[in-house]
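Okay, here's what each chain looks like letter by letter:
Protein chains: 2
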Amino acid sequence: MKRCGFLLVMIAAVMLAISPAMAQNDPLPSWNEGPAKQAILAFVKATTDQASPKFVPPAERIATFDQDGTTWVEQPMYTQVMYCLEQVQAVVKAKPELKNIEPFKTALSGNREAMAKFTMKDLEKILVATLTGMTVEQFNADVKEWLAAAKHHRWKRPYTELVYQPMLEVMQYFRANGYKTYFVTGGGQDFVRAYSEKVYGIPPEQVVGSAGATQFGYDKNGKAILTKVPKLLLNDDKAGKPEGIHLMIGRRPVAAFGNSIGDQQMLEYTQAGDGARLMVLVYHDDAEREYAYGPKSKIGTFSDALMAEAKQKGWVVVSMKNDWKRIFAFEK
Amino acid sequence: MKRCGFLLVMIAAVMLAISPAMAQNDPLPSWNEGPAKQAILAFVKATTDQASPKFVPPAERIATFDQDGTTWVEQPMYTQVMYCLEQVQAVVKAKPELKNIEPFKTALSGNREAMAKFTMKDLEKILVATLTGMTVEQFNADVKEWLAAAKHHRWKRPYTELVYQPMLEVMQYFRANGYKTYFVTGGGQDFVRAYSEKVYGIPPEQVVGSAGATQFGYDKNGKAILTKVPKLLLNDDKAGKPEGIHLMIGRRPVAAFGNSIGDQQMLEYTQAGDGARLMVLVYHDDAEREYAYGPKSKIGTFSDALMAEAKQKGWVVVSMKNDWKRIFAFEK
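Just so you know, the sequences run in chain order G and L.
Sequential numbering of the first sequence, starting at 266, is according to the numbering used here.
Sequential numbering of the second sequence, starting at 266, is according to the numbering used here.
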């Protein structure tokens, strides 16, 4: 028995020594075992193994990620739209004459139903009023200040906590293997840049997004400044995504992650290159832990045609319900 | 005497051992000692020393470089314009109907005097014909093929050998100290990307340049492609340089290098940030080894006002004649 006790202690000690090591060896601990996780692991291993025919030289290791719906919650409204609507208060404080003029009046009312009826022209007026007219530094500071206080209606948590833990792990895993990770988002480039480094580890220079122009000038002290102006340079959605990738990166990605018809062309462009390629779509099918939405959603639309294309072309479709052990870092 | 001989041998041995080490310790061996070299060395040391009040965190270490006239020869004509003029032959081969139509007829003639009289509209027609209509990969391959064969009229050497060795050393020195080096060039972004990594160690994603749009589509096999189209997205010159820096990098540089009035706003924008800043202008005053040109030059204009601003604001003006030991790597 003494001997047996000793053996048990030894086994326990070995297991204690091994299990953290094993956990460390799994770069995707928030993923359930399955074909999606295996496809991601196999791709990174093959493209970073010099002996593999699929080896990709470090300089060409570019992985692009959509943001809204792919790496954080996009329902019931894009976070940036929430920002714009809530910034109307600050705009009206500076220009009180807007208080009784639509669409600002409705935006100020906080009436969600009325706001849901905004036309594109209404939204455009709000976007111009809240996203332009200030220096790039002022805008960056405004976004940071808002994000520090604003909370999502459902979870009562900051938007920056509503990032998908499994996708954070994918980004870290790619970077640990010599990949440069980029955002390629339909969202505003300067908006995402305000938090992408802190929240996702993606620096401003690796954020490709819908981009408004800036105008060079001088402040009253003669200091050089850039002011945000209402002129769209890049609509980084659908065909605009590969076009934006070429403009800002100048290399074709070898891996791309999206979640909607807005990402279709980015995935097609990624796949059309030579050698190993990984195309991934996050599928929102978890109404309980997050949302389940598909062809009928106003945003983040996942059409039947997109699902058919994914199957036909061998894209990886990630079921949030089945493939993800947990969705947010705050879940245990 | 024997003892003395031994001492001499020892001294010689020590000197032999030391001198290569000393040479290795000078990161700018092609620079003459002087205030320009000292300013560059002092800036990098101060911004990378954690104990210095001028310390810049690694993530913010962005250095931007103009290309034409700052890191390679721009006279008597921008290399990219030479490319476009010489590519007319290939264009006419594909579209023989252009052979007898101006400005293509004159471009084909090779008559330099006649070409020097081209209007902006003539040049625009040639630029559109030679820079658009092909996929981005085809354009990249065309530029590489041309560069491998084309030679500069004066030196009878490839354009890619006409880079300034002292500036290559500066770029390497900055990178060795954790800086990301970017081109911010009035030249075509896709043109410069075709050789920037090989020639300067600057990858495509760190080239900001005048950028034409691309259009997403499919080839006859249904493969996703990007075609270059004649629409200018960014005129990366003068005020367009800081605007392009914000669009593509999203951070204010801490160091910027230029050589002409086209770089003025980039240097002003760089200087307007907080903390340590380095603004450098390369001054072409060496008619013997390269060119001497100033306010009267059609390209690379260095105005009296720019020199006055540089002096007033403490920008470093590099005299190619006095500050550079050698200009090209092929000089001994």
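It cannot be assumed that every hint is accurate.
Note that the list lumps identical chains together, so a pair holds whenever it fits in one copy or between two copies.
What the hints assert, rightly or not - Here are the simulated PhoX-like pairs of lysine-lysine, each with C-alpha atoms no more than 25 angstroms apart in a straight line: (1) K503 with K488; (2) K578 with K319; (3) K310 with K358; (4) K496 with K578; (5) K578 with K370; (6) K576 with K386; (7) K597 with K563; (8) K586 with K409; (9) K563 with K488.
Since the hints were made in silico from the structure, they are not lab data.
Hint by hint, here is what the structure shows:
In this assembly of identical chains, K503 and K488 lie within 25 angstroms of each other by CA distance solely across copies; the values are 16 angstroms between and 38 angstroms within a copy. For a Cα distance limit of 25 angstroms, the shortest separation of K578 from K319 inside one copy, 18 angstroms, qualifies, whereas the shortest one across copies, 53 angstroms, does not. Neither within a single protomer nor between protomers do K310 and K358 lie at most 25 angstroms apart by alpha-carbon distance, with minima of 54 angstroms and 46 angstroms respectively. When the C-alpha separation of K496 and K578 is checked against a cutoff of 25 angstroms, the pair qualifies neither within a copy, at 37 angstroms, nor between copies, at 33 angstroms.
In the homo-oligomer, the alpha carbons of K578 and K370 never lie at most 25 angstroms apart, since the shortest distance is 48 angstroms inside one protomer and 48 angstroms across protomers. When the C-alpha separation of K576 and K386 is checked against a cutoff of 25 angstroms, the pair qualifies neither within a copy, at 37 angstroms, nor between copies, at 50 angstroms. When the C-alpha separation of K597 and K563 is checked against a cutoff of 25 angstroms, the pair qualifies neither within a copy, at 31 angstroms, nor between copies, at 67 angstroms. In this assembly of identical chains, the alpha carbons of K586 and K409 never lie at most 25 angstroms apart, being 32 angstroms within a copy and 49 angstroms across copies at closest.
When the C-alpha separation of K563 and K488 is checked against a cutoff of 25 angstroms, the pair qualifies neither within a copy, at 44 angstroms, nor between copies, at 29 angstroms.
Taken one by one, the earlier hints fail for this structure at numbers 3, 4, 5, 6, 7, 8 and 9, listed in ascending order.
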